[in-house]
Amino acid sequence: MTVHPDIPRETVTGILARSFRNGAFVAGFVITILVLATAIVSYFWTPYDVTRLVISDKIQAPSAAHWFGTDHFGRDILSMIMVGARNSIAVALIAVGIGMGIGVPLGAFAAARGGLVDEVLMRINDLVFAFPALLSAIMITAIFGPGAVNAIIAIGIFNIPVFARVARAGALAIWPREFILAARAAGKTSTQITVEHVLPNIATLLLVQGTIQFALAILAEAGLSYLGLGAQPPLPSWGRMLFDAQTRMVVAPWMAIFPGMAIVISVLGLNLLGDGIADILDPKSRRRR
Amino acid sequence: MSLLEIKNLSLSIGDAPILREVELSVASGEVVGLVGESGSGKSMTALTLMRLLPYAARATGRVTFDGIDILAAREDQMCALRGADIGMVFQEPMTALNPVKTIGEQVAEGIRWHTKVTRAEAEERARKMLDRVGLPEAEFPLSRYPHQLSGGQRQRVVIAIACALKPKLLIADEPTTALDVVLQAQILDLLRDLVAESRMGLLLISHDLAVVTEMADRITILRHGEVMESGDTARTLSEQLHPYTRQLAQASMHVPERARPHGGAAGQPLLQVDGVTRDYPGRRVSLFSRAPDTRAVDNVSLSMAPGQSVALVGRSGCGKSTLARMILALDRPSSGTIRFRGETITGKRQAELKPVRRDMQVVFQDPYGSFDPRQKVERLVAEPLHVLDKKLSRAERREMVAHALHEVGLDQRDLDKYPHEFSGGQRQRLSIARAIITRPKLIVADEPVSALDVSIRAQILDLFAELNRRHGIAYLFITHDLTVARAISDEVLVMHCGKIVERGKTSEVLGHPRSDAARALVAAAPDLRVAIARRLREQG
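Protein sequences appear in the order of chains Y and A.
Under the working numbering, think of the first position of the first sequence as 1, with each following residue one higher.
Under the working numbering, think of the first position of the second sequence as 290, with each following residue one higher.
If you are wondering where the hints come from, they were derived from the structure by calculation, not from laboratory data.
Remember, predicted model here, so these are calculated numbers, not experimental data.
A hint or two may mislead.
Unchecked claim - Computed footprint of chain A on chain Y; a stretch qualifies when at least three of its residues, placed anywhere within it, have a C-beta under 8 Å from a C-beta of chain A:
hint	segment
1	95 to 103
2	194 to 207
Claimed, not checked - A partial selection of chain A residues facing chain Y, derived with a Cβ cut-off under 8 Å:
hint	residue
3	Glu641
4	Lys643
5	Phe711
Every residue, glycine too, gets a C-beta built ideally from N, C-alpha and C.
Throw the hints in and build the complete structure from the sequences for me.
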């Protein structure tokens, strides 16, 4: 007769079991873990020291000694990619953290209050959205000087409206539900309702958006450091490595191929992970499978 | 030979058996009622006839429609049947229409697809069909969109789509469940006329015995996917030979035992509503002007004594839910005052309302939507406890929740379950547990049983009556279902277009309604006893 709209809640083991039958999730999960592991390992060990320049070894093709070859200063590319992963992930993680930390409360607040408050907040949001993110990031780093910290702030600011929008849209769908009315009738304030009922119900939505933004932040960081506005030498970064490789593409293609692959693979992994999580948690896709 | 003949139909989805050896037949011009509680397989039977089953479903047996073996037919044969020879009307008129297409397009769509006529011709036939179902051109041109129509009007459009090609068989799956009683009566009349006009067979699926008795020549009662009893409607229901038939019939007419109505006059009234009005601002039609305000509740006054049970009845959209929200202080009146235990609650801030909230709780209609799916029963039922002055320890809280669960007939072990682990009836018990946990003096119940099966409905009504007896809780029932009002209330208020048009003792108002609105409600409300009597009389 009536089909109830609720998502049946599952046990954690049930979700895990189903997750590992989802191809996209498994692939994304494995790649992401690999990238993370690379970054962590780089803290303890890299094949070569990335700050030591060995000019005699410059621009060597991949070999047993240097798996990914060396660059124009004789640094080992594999080591640089490992250390660069650390940098990319740190920047992306903190930037997404800033976006979520400010954007989600803002969106949830706008949805809870509604009316003029909502309108004003969302229009400010639109304003931030209207600036081309990379261009404004360049502006910010141009004013405050290049560096990893300023890159984080620049990318973080442009993550705020994304999360604010997603949180608001999700919360707006939860607010008219009857259990919210029941909570209001029980005398709960809108802050309590937001924390206890709204946020847990939109958490999955935010998680999916989070992985996508994480991938985008890695790309943005690579873009900024390519322009010389991200992490500064001697600290290696993927974007910087691509910039250095640009003029030597013909003589030393490995200098471009490997950092390029590192970016592509980590972004691909995160996107697959996001798709996978969305598939697993979306009740509609669950029915389809 | 029958138009539709189902023999020995069994159906399973995955490993779960859904239908077992169902037998059913519908002849031309005949109305057959298929009755059962939720999960009995009624809708699955309908979907089998249309071959619209989910992928994992496997059907065995024999279904013959007009000489065609449905279960063996090719998909293209089925496509030719669906919408042309077999029409279907769904339960939920709000979602059965495509919101971005006009009603004209939607009615003409099937005509064009099946008969390959030109667009102009199809639209002309769509026009005729809409006229036939009571949507005349002057008010309802083909260019209307579904959102511009009310629920009853949309259901008429759905019926127009289903009947546009004069199908031989119409399947109506709970066609009136989402509508109020007056609309229900109109839609049933329309279906009856359409059947008589074109000698259609009608398979009417419903959980409501009274509706089926009024409509159907023959009835089939389904339970857990098996046919319990089938035969002539009047005889089946008057003799009630099968125990399940008897159980269903009795549950539909169930009146819980209640204590004598509490003396209303004694002392201070519990709730006093004085001249309350609620206006909603009209839509902005341009930058500087708005459409006139909509008055949802118009100068309503009422008063309730402690322990009294009052039913607020009216058609959908009459403002009864708005009034309830204002009483619960979830919405502010535009003017007028509401006093609870002599204390004015209008215009107070949330923090000041805490003592009032403790004594006034709510039960909602939808037992599925009124719980956060991500919390466990313990937290859900304990939700109102934070209005108590005292801070409770975890153990005390758990104790109180367990006690409340016990009072509504649930088990202590249910504390750590999630809402989806309960059936609809059990969830409604949970809502009641949540409402009584603070020992309130008044419970406002908005259609508390209309989403429930009849046997569950009887149990929940009993529970309400028992809590009233034991704790002296007063109820304000908001309902469009007069059976509920009759069963559980001392007094009835009839609401129409935002105003209370009639009030008085339940038996008097519902027995001898004086206002037009009340008369319309009483006349339209299906009553099983009356329906059976009429059937028997007609057959002599």
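Practice task
If any of the earlier hints don't hold here, list their numbers in rising order.
Solution key: 1, 3 and 5
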